Amino acid sequence: MTPELPRHAGRLQDDLLQDLRAVVPAHASVPVPVASAPPPPPPPSAAAMEVRVTPGIWTGPSAGVSPDGAAIVVGVGPLQIRFGLYGR
Amino acid sequence: MCSSKGGVGKTTVAANVAAALARSGRVLAVDVDPQDSLGRAFGVVAKGRDDSLGALLEDGSVEARAVVRHAVAPGLDLLPAHPSLEAVATQLAATGGLTTSVRRALRPLLGEYDHVVLDTRGDLGALTLAAVCAADSVLTVFTSDPGSALGAVRLAAFLEQHRTYENTSAVLVGVACAVWDRQGRAARDVAGALAGTGLPLLSTRVPLSRRVPSSVLAKRPVVLSSPTSAVAAAYVALADEVLVATGKVPA
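Respectively, the protein sequence lines represent chains A and B.
Take the first sequence: its position 81, counted from the start at 1, is 81 in our numbering, and no numbers get skipped.
Take the second sequence: its position 193, counted from the start at 1, is 1193 in our numbering, and no numbers get skipped.
Treat the hints with care, since some could be wrong.
[Stated by the list, open to error] From the structure, some residues in chain B lie toward chain A, with a derived Cβ separation under 8 Å: (1) HIS1070; (2) ALA1071; (3) VAL1072; (4) GLY1147; (5) LEU1150; (6) GLY1192.
Since the hints were derived computationally from the structure, they do not count as laboratory data.
Source: prediction; values computed, not measured.
Even for Gly, the Cβ is constructed at its ideal location relative to N, Cα and C.
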């Protein structure tokens, strides 16, 4: 039996949107008083550092920004050190 | 506070938004959920029907002020529920009086408060409709659970249906993220999908925080127990955003 492959993440959002649109009233008179602009990040209250050990993954010295832009990630050997600001 | 789905953080949002609103005005928090969680969020537990909302719904001659718990938090009074509310609702439904019961019960109290926050249980049943019929505005919430997004759009459809029937004139003023997991893809997908529905998605997102369950255990909403925390700031921002959305304060 072939296991079902996970769908692409973008497809998941599209699928959910289709599901939601099937339920949303066609002529909903809900007001839209607030623009759905990208929200500001929650105010940070504390700096945080996270260290991850990835025994199977060794990398040379590297530095970069995490995919969500919330942290700076420094990697060397099996270590990943993540400096970021997180809401608490 | 309404949702067709339970476990999405309605009561926590209701308690914290009520506490946040009480910073600038008199607030009455009303628990319309027989699970009585809103009262418990403030450490208030009704002993039975006679000292809870059920008494007011069942008997219009009961003095509402005698059932209200005063000053459970600064600027905030509370009308608790009790599990017996379920039986009261069933009885009222049989006689046709349930839909307008909450509105009638609260009417004598409205002049004393700037804001009344009603918490409902996670369904779109007759008791929830009774709460909606007492409200001007409805706020709902979602999490990273896709089911919570479905709950939000089902609520929008529910409101539309009951406006058509003239059971209510309440409008959906906002759909807020009650537990924003900024590290999680699911949260972004759910928020992105909801943004595509045209529902009024609020910009404030309450961050996932360990402080919230701790505050429930401590029977003190996080806005009061950890007022300088990021999650408390988010609840305050959400309350402010709701006030703007309802037109109670200018943008």
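Each hint, compared with the structure:
Look at HIS1070 of chain B: its Cβ only gets to about 33 Å from chain A, farther than 8 Å, so that hint breaks. Violation of the interface hint for ALA1071 of chain B is found here, the shortest Cβ-Cβ separation to chain A being roughly 29 Å, above the 8 Å cut-off. Residue-level restraint check for VAL1072 of chain B is violated (minimum Cβ-Cβ distance to chain A is 26 Å; threshold 8 Å). At a threshold of 8 Å, the smallest CB-CB gap from GLY1147 of chain B to chain A is about 10 Å, leaving the interface hint violated.
This hint holds: LEU1150 of chain B has a C-beta 6 Å from the nearest C-beta of chain A, less than the 8 Å allowed. The criterion of a C-beta within 8 Å of any C-beta in chain A is met by GLY1192 of chain B, whose closest approach is roughly 5 Å, and the hint holds.
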